[in-house]
Amino acid sequence: MLSLESITKTIQDWLFAKFTPQIALTIECVIVILLCITLFAVLGLVLVLLERKVAARIQIRLGPNRVGPGGIFQTAADTLKLIMKEGLTPDAADKFLFNLAPFVVMMVAMLLLAPIAFAKNFQIWDINIGVLYVSSISSLSVIGILMAGWASNNKYSLLGAMRSGAQIVSYELSAGFAVLTIVVLTGSLQISEIVASQENGWWLFKGHIPVIIAFVLYIIAVTAETNRAPFDLAEAESELTAGFHTEYSGMKFALFFLAEYINIFIVCAIGATLFLGGWMPLHIGHWKDFNHIMDYIPSSVWFMGKTFFLIFLIMWFRWTFPRLRVDQLLNLEWKYLLPISLFNLLLVTVIAIMGWHF
Amino acid sequence: MFLKDYISDVYNGVTSLLKGMRKTGYYFTHSKEIITEQYPDNRATLKLADRFKGEVVMPHDQNNEHTCTGCTACELACPNGTIKIITKFDITPEGKKKKAIDAFIYRLEMCTLCNLCIVACPSDAIIMAPNFEHSVFDRSKLTKVLNKPGSKIKEGIE
Ligand code: SF4
Ligand code: SF4
Numbered sequence: 001m002l003s004l005e006s007i008t009k010t011i012q013d014w015l016f017a018k019f020t021p022q023i024a025l026t027i028e029c030v031i032v033i034l035l036c037i038t039l040f041a042v043l044g045l046v047l048v049l050l051e052r053k054v055a056a057r058i059q060i061r062l063g064p065n066r067v068g069p070g071g072i073f074q075t076a077a078d079t080l081k082l083i084m085k086e087g088l089t090p091d092a093a094d095k096f097l098f099n100l101a102p103f104v105v106m107m108v109a110m111l112l113l114a115p116i117a118f119a120k121n122f123q124i125w126d127i128n129i130g131v132l133y134v135s136s137i138s139s140l141s142v143i144g145i146l147m148a149g150w151a152s153n154n155k156y157s158l159l160g161a162m163r164s165g166a167q168i169v170s171y172e173l174s175a176g177f178a179v180l181t182i183v184v185l186t187g188s189l190q191i192s193e194i195v196a197s198q199e200n201g202w203w204l205f206k207g208h209i210p211v212i213i214a215f216v217l218y219i220i221a222v223t224a225e226t227n228r229a230p231f232d233l234a235e236a237e238s239e240l241t242a243g244f245h246t247e248y249s250g251m252k253f254a255l256f257f258l259a260e261y262i263n264i265f266i267v268c269a270i271g272a273t274l275f276l277g278g279w280m281p282l283h284i285g286h287w288k289d290f291n292h293i294m295d296y297i298p299s300s301v302w303f304m305g306k307t308f309f310l311i312f313l314i315m316w317f318r319w320t321f322p323r324l325r326v327d328q329l330l331n332l333e334w335k336y337l338l339p340i341s342l343f344n345l346l347l348v349t350v351i352a353i354m355g356w357h358f
Numbered sequence: 001m002f003l004k005d006y007i008s009d010v011y012n013g014v015t016s017l018l019k020g021m022r023k024t025g026y027y028f029t030h031s032k033e034i035i036t037e038q039y040p041d042n043r044a045t046l047k048l049a050d051r052f053k054g055e056v057v058m059p060h061d062q063n064n065e066h067t068c069t070g071c072t073a074c075e076l077a078c079p080n081g082t083i084k085i086i087t088k089f090d091i092t093p094e095g096k097k098k099k100a101i102d103a104f105i106y107r108l109e110m111c112t113l114c115n116l117c118i119v120a121c122p123s124d125a126i127i128m129a130p131n132f133e134h135s136v137f138d139r140s141k142l143t144k145v146l147n148k149p150g151s152k153i154k155e156g157i158e
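Those protein sequences? They're chains A and B, same order as listed.
Letter 94 of the first sequence, counting from 1, is numbered 94 in the working numbering, and no numbers are missing.
Letter 93 of the second sequence, counting from 1, is numbered 93 in the working numbering, and no numbers are missing.
Honestly, the hints are just simulated from the structure, not real lab data.
Don't take every hint at face value.
To be verified - List time: in silico SDA-like cross-link candidates among lysine to any residue, alpha-carbon distance up to 20 Å:
(1) B:32 with A:63
(2) B:23 with A:230
(3) B:23 with A:85
(4) B:98 with B:122
(5) A:335 with B:15
(6) B:148 with B:96
(7) B:32 with A:59
(8) B:19 with A:63
(9) B:19 with A:314
(10) A:335 with B:105
(11) A:85 with A:70
(12) B:23 with B:6
(13) B:23 with A:316
Said to hold, decoys possible - Now the stretches of chain B that chain A is said to cover, found in silico as 3 or more residues with beta-carbon under 8 Å:
(14) 14 to 23
(15) 30 to 36
Positions of the beta carbon are idealized from the N, C-alpha and C atoms, including for glycine.
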């Protein structure tokens with residue numbers, strides 16, 4: 001069967017047969033980088049279009065439908081427009097930081113791609129502290145946002161960036177706790193082991209109600225961390241024009257925009273890995289036949305399906321819920337999510353110690 | 001007590017959010033709810049809301065008769081000076097003089113479509129029409145005479 005695993009293996013074998021190990025490794029790195037960039041571009045185009053279509057359907061509209069059949073080239077046309085626009089730098093801005101910020105945000109998104117398992121044995125870097133790596137790197141994106149807000153020398157940008165800082169710092173906690181519940185159950189930080197531990201059922205089903213609560217908390221927290229509605233105070237069009245990226249235009253704006261969508265993809269991929277088994281097909285306990293049938297669907301399809309399901313969920317939130325005020329936002333985190341996730345973690349620990357999960 | 005409030009807070013919050021998501025989820029899965037009109041493409045079958053206000057018109061029946069008495073109530077009601085009623089005196093068959101309109105001048109470019117003239121008219125002679133393709137190359141085309149040439153007031157309207 002043709003799978004991503006066999007393709008990568010063939011390429012690797014061929015490269016190592018042809019070249020010395022150093023050169024082969026370099027070529028592999030280049031291939032990986034190219035693949036990442038392609039993935040970014042494709043994801044950006046697909047997710048933006050998906051978001052616009054979902055938004056339209058939810059608001060009983062049609063959405064973009066003029067460029068190409070059903071509007072599928074709309075985002076490509078938008079990108080073309082953004083590339084051709086002038087990238088303006090305001091006079092009073094801190095030029096260096098202003099131009100650096102979009103790349104910082106983008107780089108963080110790229111780094112996060114490393115430990116994600118896209119399919120069976122198809123992973124850039126199976127680092128043994130995968131989950132820790134993800135949660136530490138993802139908190140770096142706030143630096144890019146603060147940089148953008150500060151360097152723009154504009155009160156809207158600064159306010160947006162400050163809000164974003166407060167928001168990410170506080171929601172990091174409950175996202176971390178939600179991730180920890182799975183780490184407690186698995187006993188490992190490595191992504192591949194977390195996926196392997198879900199061989200006989202996804203944690204969402206195996207872990208009883210506490211894991212379901214953790215899943216809900218995770219989804220709420222990452223929605224906040226990616227600065228999306230109902231937590232999009234950092235952008236808050238109605239009060240801050242566009243928040244931290246008010247002064248950005250052209251391709252630099254596009255990078256922020258792209259990074260937002262890549263981040264959504266990444267947090268959804270992590271969520272799918274932790275709670276929904278990553279690339280692991282739907283297995284139910286010891287039903288050998290059922291499990292075997294499920295194995296026929298390629299693991300990459302499982303992974304993408306779960307990820308896009310979560311992405312859809314987050315989009316659904318965005319177009320349903322009203323935006324929170326900044327005090328409500330912090331109330332929600334410190335008075336509700338954090339106590340609940342602490343208590344929940346305790347429960348999960350008890351479950352894990354007693355071995356009550358399946 | 002505190003704990004009970006806390007839990008009911010969380011419960012109420014979650015249920016109301018789920019209620020909202022059910023509504024939007026319903027819209028997402030039911031494409032027949034979509035209200036977008038593909039305007040230039042479906043120009044022939046375009047359906048506009050009943051209360052759409054596009055322009056003031058004066059309906060005439062098949063005998064080219066309207067119900068405007070020339071009372072100028074609409075002219076007085078209009079906050080923008082959009083309407084100008086020019087009256088004349090018709091001679092009835094009995095030889096009596098009767099007031100009638102000569103021209104009902106309506107300046108679309110000054111109209112805010114506020115509906116006040118329609119409400120003010122005692123004989124329902126004017127209505128709002130759902131026309132919206134008002135672009136013209138010459139502004140003078142926006143000044144319209146609403147009573148058709150040769151039209152007269154319907155019998156029995158005072
Ligand atoms: S709709 Fe309003 S503005 Fe227009 S003619 Fe009537 S009263 Fe005047
Ligand atoms: S349109 Fe109505 S209000 Fe205006 S002059 Fe005629 S009868 Fe009077």
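Okay, the hints, checked on the actual structure:
no., hint, in the structure
1, B:32 with A:63, "14 Å, holds"
2, B:23 with A:230, "17 Å, holds"
3, B:23 with A:85, "39 Å, violated"
4, B:98 with B:122, "18 Å, holds"
5, A:335 with B:15, "18 Å, holds"
6, B:148 with B:96, "24 Å, violated"
7, B:32 with A:59, "12 Å, holds"
8, B:19 with A:63, "24 Å, violated"
9, B:19 with A:314, "16 Å, holds"
10, A:335 with B:105, "66 Å, violated"
11, A:85 with A:70, "26 Å, violated"
12, B:23 with B:6, "26 Å, violated"
13, B:23 with A:316, "11 Å, holds"
14, 14 to 23, "holds (count 4)"
15, 30 to 36, "holds (count 5)"
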